[in-house]
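J.: Please work from the sequences and hints to get the whole structure.
Here the sequence shown stands for residues 6 to 131, numbered as in our numbering.
Simulated from the structure, these hints should not be mistaken for lab results.
Just so it is clear, the structure is predicted and the values come from calculations on it, not from any experiment.
Please note that the accuracy of each hint is not assured.
[What the hints assert, rightly or not] Now the in silico label distances, taken between C-beta atoms and shown as ranges:
#1 97 - 53: 26 to 36 Å
#2 74 - 35: 15 to 25 Å
#3 39 - 83: 41 to 51 Å
Each residue gets a CB set at the ideal place from its N, CA and C atoms; glycine is no exception.
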Amino acid sequence: MSDDKPTRRDLMKPVQLLGLAFGAALFAGVVTLVSMGFFQQRSPEQAPRALQVALIVAGVTFIVVLVMVALLLLAVDPAQMKKPIDRAVLLPDDSADAGPANDSASPRAASDRTDPDTSESGGAAS
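T.: Right under this line is the structure:
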């Protein structure tokens, strides 16, 4: 058994992305058909209209999902495409936790507590 971890490029293959868009379009088309009463056959004039609307909705859904996934892939750094994934993607980096633990130790927080513009006598001019 190999210990190779999948890369981002392996996880985001174009065939899989097209399959995702096709699945979303198929789902939207079936939901449109069901909601317009295509399977109930109320009148003969309603079936072609429902089919036409369902095909339009499915086509628009396919294009929108494909464009949105392509735009989201542009946000990925190409250098990270070859890195193996060994942890959850949305977890913070370990280096981000190395920041200051509390703000009272910082010089900015200490200077905010002693503001020279305010005085003990209220500081409001009438």
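J.: With reference to the structure, classify each hint as holding or not holding.
T.: Do the hints match the structure? See the list:
1. Separation of residue 97 from residue 53 is about 54 Å and departs from the stated range, judged on CB atoms against 26 to 36 Å.
2. With their beta carbons about 21 Å apart, residue 74 and residue 35 fall inside the hinted range of 15 to 25 Å.
3. Taken as a hint, the range 41 to 51 Å holds for the pair residue 39 and residue 83, whose Cβ atoms sit roughly 42 Å apart.
Of the numbered hints given earlier, the model fails hint 1 alone.
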